[in-house]
Amino acid sequence: AQTVTQSQPEMSVQEAETVTLSCTYDTSESDYYLFWYKQPPSRQMILVIRQEAYKQQNATENRFSVNFQKAAKSFSLKISDSQLGDAAMYFCAYRVGKSTFGDGTTLTVKP
Amino acid sequence: SQTIHQWPATLVQPVGSPLSLECTVEGTSNPNLYWYRQAAGRGLQLLFYSVGIGQISSEVPQNLSASRPQDRQFILSSKKLLLSDSGFYLCAWRGPSGANVLTFGAGSRLTVL
Numbered sequence: 017a018q019t020v021t022q023s024q025p026e027m028s029v030q031e032a033e034t035v036t037l038s039c040t041y042d043t044s045e046s047d048y049y050l051f052w053y054k055q056p057p058s059r060q061m062i063l064v065i066r067q068e069a070y071k072q073q074n075a076t077e078n079r080f081s082v083n084f085q086k087a088a089k090s091f092s093l094k095i096s097d098s099q100l101g102d103a104a105m106y107f108c109a110y111r112v113g114k115s116t117f118g119d120g121t122t123l124t125v126k127p
Numbered sequence: 014s015q016t017i018h019q020w021p022a023t024l025v026q027p028v029g030s031p032l033s034l035e036c037t038v039e040g041t042s043n044p045n046l047y048w049y050r051q052a053a054g055r056g057l058q059l060l061f062y063s064v065g066i067g068q069i070s071s072e073v074p075q076n077l078s079a080s081r082p083q084d085r086q087f088i089l090s091s092k093k094l095l096l097s098d099s100g101f102y103l104c105a106w107r108g109p110s111g112a113n114v115l116t117f118g119a120g121s122r123l124t125v126l
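Line by line, the protein sequences are chains A and B. Mapping of the first sequence onto my numbering: residues 17 to 127, in sequence order. Mapping of the second sequence onto my numbering: residues 14 to 126, in sequence order.
Isolated chain B, as found in the complex:
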């Protein structure tokens, strides 16, 4: 069965520090991968998605970047965090078979102080 792992679960970082959130998927190949951000009490905003290794599409210009160094690995990064980067970040995958359901990781709560 497919599983998705996301870490760290919680992160407190000072303004200006770097960020790396990692997401890996097991049990599938060539998944579509997504990074979402959820502001408090709000819906999900799509940040990045990837349909293959090295292929990254950005939805919202911002202080963040994403990379996909391996088929089942998706990384969200920042060189210098801003206060506005605080939020709950969710990684998700969708299989290539045509199944349209997003499967989400457990999320990473980022607080920038």
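Bound-form chain A, shown alone:
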């Protein structure tokens, strides 16, 4: 079975600084999708960024970028120029057929 591990239950970052959230996964598949979702205090899950495993180029969405290391089965999220609105729980997810989620990392942004 596929598993997704987020080893950092909590992280904090100073406003305007950069933070990296870690995610590793276990799979025997070669073609799959990876996602980072954000869940702010409102509990509404929102897609942050996604990566297709067959693409070597790391995905980027404005201040959010990933470091996808397929051989290492690692998929970290980098948030640049952190803003107060980035404070949320972040979930890493893997998908082949159904989606499997990690347990999340709570990010605090300090003003």
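Each hint can be trusted.
In silico contact screen, one side only, chain A against chain B (beta carbon under 7 Å); selected entries:
no., residue
1, Tyr49
2, Arg59
3, Gln60
4, Met61
5, Leu63
6, Phe107
7, Arg111
8, Lys114
9, Phe117
10, Gly118
11, Asp119
12, Gly120
Honestly, the hints are just simulated from the structure, not real lab data. Yeah, the Cβ is synthetic: ideal placement off N, Cα and C, and Gly gets one too.
Go by the hints and put chain B onto chain A.
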């Protein structure tokens, strides 16, 4: 544009009472629909998914059931709630076009007393 509605937003129910959470999607047809449960401070556990009307797959044997009476309607039910059913329930959909992103509803917080 596609939207997903989920209700009720908050529910407090006594042990042994029935449950019905409803989810509807607008602006798309034949979506894949999902029910997830999120325990406090934890990730999402897939409960049920549906690829079409009347087609329900259960991921975790439990006290809950799901139904899809219409293409864009997905219902989570229980005949008798347990304390352990408390949690935050999220409905999500994924389009049939191959897009792999899950779009979530706003969630329903269930407290069983």
